[in-house]
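Throw the hints in and build the complete structure from the sequences for me.
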Amino acid sequence: MSGTFAARVKDAIQSAANRNEISLDEAGLQTMDLKPFQHLGDRFDLNDTPAIVKYLKERATAQKDINAKLAAFAWFGAPTTDLQGDAEGYFQHFQQGSIYWTPSLGAHEVHGDIRAKYFSLGAEKSYLKYPMTDELTTQVAGVEVRYSNFEGGSINWKPGTGAYIDLSISVRVERHQLGAWLHIGGTGFTPGGTVRFSVENLDGMAGPKSTGVFTIAKADGTFTDVVWDGRTWSRGGAAHLRALDEASGRSVTASIPALY
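Under numbering that gives the first Met the number 0, the first residue of the sequence shown carries the number 0, and numbering increases by one thereafter.
Calculated directly from the structure, the hints in this document are not laboratory data. This structure is a prediction, so every number in the text was calculated from the model and none was measured. By construction, the Cβ of each residue, glycine as well, lies at the ideal position given by its N, Cα and C atoms. No incorrect hints appear here.
Pairwise CB distance ranges, derived in the manner of DEER restraints:
1) His175 x Gly84: 44 to 54 Å
2) Ser247 x Asp24: 42 to 52 Å
3) Asn200 x Thr80: 49 to 59 Å
4) Arg171 x Val144: 23 to 33 Å
5) Gly191 x Leu135: 23 to 33 Å
6) Ser22 x Ala140: 50 to 60 Å
7) Pro49 x Gly211: 58 to 68 Å
8) Ser22 x Gly141: 46 to 56 Å
9) Leu135 x Gly178: 39 to 49 Å
10) His239 x Phe118: 31 to 41 Å
As structure tokens, this is what we get:
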């Protein structure tokens, strides 16, 4: 947006401030600097002052709440970015941590190995989306486990293991005349690693049976809509599908119903 257009936006916001629709602090009008307004032309029509006012007020609230959270985590150090945002919320990165904000969740921090894991998966752009909590601590079998909850899941940390996501799979059954297809999705697997599937507890069969199906987890550790044709079963019956993360040796099971 040109400097002239930025000046026109600033004039429109100044008029809104004069009508007490927005404060000078919220609008960023404490100085004559036009820089804060140069990006608005990419988002709004100049004549849509109410939308611009709403945007600036929300942005100011986000910055205020992030600053308040930073006061409790002063050891995060100096900022490494300005306030950034997307359609869902805002965030700012610091030397030792990051703080995220949405209108519904407020401000929450992410730091250490959990932040590194979060970043490696794509941070707020991943299926995890925005954090719902600060880092929390619990005891599991006498071992301290740290974790952060996100909109799309949780990242855990424990000594000797580091940051990890619990494996999870979902199974959707699509029946057909000869049996059924199983549509399988999963999270928490080794990015780029092989995931192999087997079934257990089939009627008339002892021990696990390989389905012959495998997939490669995506960069965020997920996979979607892997399909196994249930016709490979000799008999139907309630069973479990197991997904093995070959790189880590971890596995997880999900119940599947009788197919036929």
